[in-house]
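Student: Sequence:
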Amino acid sequence: MKTEQEINTNPLDTQPIGRTFIKYLIPSLVGMLLMALNFVVDGIMVGNRLGHVALAGVGIAGPVYTIFVAMSLWIGIGGATLFSQSMGAKNVKRAHLIFTQSLVLIFSATLIIGIIAFIFREPLVYALGANEETYPFASAYLQVMLLFGFVFTIENACSVFVRNDRGPNLAMAALIVTAVSNVILNYIILYILNLGVAGAAAGTIISAALGILVLSLHFFKKSSQLRLVRLRFDWKLLSTAILLGFPSFLAEVGISVFTISHNVTLERLAGTDGVAAFSVLNYVHSVMLLMFLGMGSAVQPLVSYYHGGKQLSRKLQTIRIALWTATGAGLLFFIIGQAASRPIVSIFGQFETEVIELATSGIRIFFFAYLFMGINFVMMTYYQSIGNVRMATWITFAREILFMLIILFILPAFIGVTGVWLAIPIAELLVLISILFYIRRYPLISGS
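Using the working numbering, the letters of the sequence shown correspond one by one to residues 15 to 462.
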């Protein structure tokens with residue numbers, strides 16, 4: 015059978031590791047960079063067209079978008095990890111079933127949760143940190159996102175599976191189409207049609223639908239192993255996929271916890287100006303975070319495949335290259351934050367002096383986190399890809415929830431807003447220390 019020949023001659027088994035990693039890394043980084051710039055351009059357009067209160071309102075609604083992404087990654091990366099392990103072990107039928115189950119579950123779960131959240135959206139918006147000024151903007155944005163959020167969850171999950179099925183370039187192309195179309199649509203919606211933040215949300219949904227159309231081309235390739243088969247829920251497979259994907263879900267939930275906790279704390283300490291300053295920082299942070307996510311997206315298919323095929327040497331070579339890449343990127347991001355914080359803030363609009371000063375100092379302090387964050391993210395992805403869910407979950411929970419909330423609760427009481435900006439850098443450093451202790455006890459060379 016042709017399919018078997020393709021599996022037996024998989025280039026992942028024979029190509030040099032460095033070349034293979036670059037082959038996956040560049041499309042992932044380009045795609046994630048465009049996604050990040052797309053997200054930032056949204057903020058620039060909203061801030062310049064509608065003002066800093068509207069920008070703060072959209073920032074408050076952001077965690078709901080993140081939760082939808084979290085659900086798509088929970089099932090998508092969990093399922094894709096099993097898919098790649100199955101392909102590495104030459105078990106094609108198992109891979110087909112995993113793909114089918116994952117798509118059905120993602121669609122059903124996000125649709126149901128979106129409808130329930132839409133019904134209770136008013137208390138939800140206030141719980142996210144809105145006040146009387148920001149509520150109208152946050153509510154308008156969420157009305158669209160909650161009803162049609164399933165579109166970008168399907169797009170996100172399909173992108174993960176296509177990348178795992180030796181399609182990193184098509185996954186990148188889909189992200190390019192999504193990003194470019196979103197920028198064009200948002201300009202038309204905000205500057206020509208004057209449809210406000212609800213229109214901006216609709217532009218995001220339409221762009222994701224176009225991304226799905228691009229990804230659907232993969233199903234017509236002869237080499238594609240993404241096949242929808244007759245639905246038969248294998249609860250053991252499904253539970254394994256959910257378990258493997260949980261760290262990715264927790265990572266996205268952690269982003270929501272990060273956003274909500276910082277919005278609430280800064281609203282209390284500095285009012286709407288503080289929330290607006292954090293919205294600017296958070297837009298910039300999204301660019302850096304998505305770069306690290308791109309590195310993880312390159313690592314995950316390779317490590318999962320090599321782990322499934324019991325190729326320890328190639329697996330360890332991959333993670334070494336990824337760690338050096340993450341370290342270099344983190345240093346570059348840190349330098350950018352120290353050298354260009356004020357110009358970065360000015361891009362988002364002409365704000366009051368208080369907002370500019372808060373955002374500028376916040377970027378300079380917060381960017382210390384990138385010296386450690388990339389390493390932590392790569393290691394989380396590595397442990398997740400080999401099935402060490404416990405360690406992957408610890409890294410995610412500690413860096414984005416546990417340590418951050420403890421520090422955020424204590425430091426601002428002593429040093430005010432500066433303590434808010436320091437919460438993430440200190441949390442990332444503590445997590446890196448815990449990883450180093452773990453590796454001393456359980457070396458990577460053991461293959462555990």
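For the record, the hints were derived by calculation from the structure and aren't laboratory data.
Hints should not be assumed to be uniformly reliable.
The list that follows gives simulated cross-link-like pairs (lysine-lysine, PhoX-like), each with its CA atoms no further than 25 Å apart [to be verified]:
hint, residue 1, residue 2
1, Lys104, Lys235
2, Lys37, Lys250
3, Lys104, Lys324
4, Lys37, Lys235
Computed Cβ-Cβ distance ranges for the label pairs, DEER-style [what the hints assert, rightly or not]:
hint, residue 1, residue 2, range
5, Tyr456, Val67, 22 to 30 Å
6, Leu125, Tyr456, 34 to 42 Å
7, Ser122, Glu368, 44 to 52 Å
8, Ala103, Tyr205, 49 to 57 Å
9, Glu368, Leu161, 14 to 22 Å
10, Trp338, Leu245, 39 to 47 Å
11, Glu368, Ile420, 37 to 45 Å
12, Gly65, Leu161, 24 to 32 Å
13, Trp338, Phe428, 45 to 53 Å
C-beta atoms are modelled at their ideal positions from N, C-alpha and C, and glycine is treated no differently.
Student: If a hint holds in the structure, say so; if it doesn't, say that too.
Tutor: Cross-check of the supplied hints:
{"no.": "1", "hint": "Lys104 to Lys235", "in the structure": "holds, 19 Å"}
{"no.": "2", "hint": "Lys37 to Lys250", "in the structure": "violated, 33 Å"}
{"no.": "3", "hint": "Lys104 to Lys324", "in the structure": "holds, 12 Å"}
{"no.": "4", "hint": "Lys37 to Lys235", "in the structure": "holds, 19 Å"}
{"no.": "5", "hint": "Tyr456 to Val67: 22 to 30 Å", "in the structure": "violated, 50 Å"}
{"no.": "6", "hint": "Leu125 to Tyr456: 34 to 42 Å", "in the structure": "holds, 41 Å"}
{"no.": "7", "hint": "Ser122 to Glu368: 44 to 52 Å", "in the structure": "holds, 46 Å"}
{"no.": "8", "hint": "Ala103 to Tyr205: 49 to 57 Å", "in the structure": "holds, 53 Å"}
{"no.": "9", "hint": "Glu368 to Leu161: 14 to 22 Å", "in the structure": "violated, 36 Å"}
{"no.": "10", "hint": "Trp338 to Leu245: 39 to 47 Å", "in the structure": "holds, 43 Å"}
{"no.": "11", "hint": "Glu368 to Ile420: 37 to 45 Å", "in the structure": "violated, 28 Å"}
{"no.": "12", "hint": "Gly65 to Leu161: 24 to 32 Å", "in the structure": "holds, 26 Å"}
{"no.": "13", "hint": "Trp338 to Phe428: 45 to 53 Å", "in the structure": "violated, 37 Å"}
When held up to the earlier numbered hints, the structure conflicts with 2, 5, 9, 11, 13 and fits the remainder.
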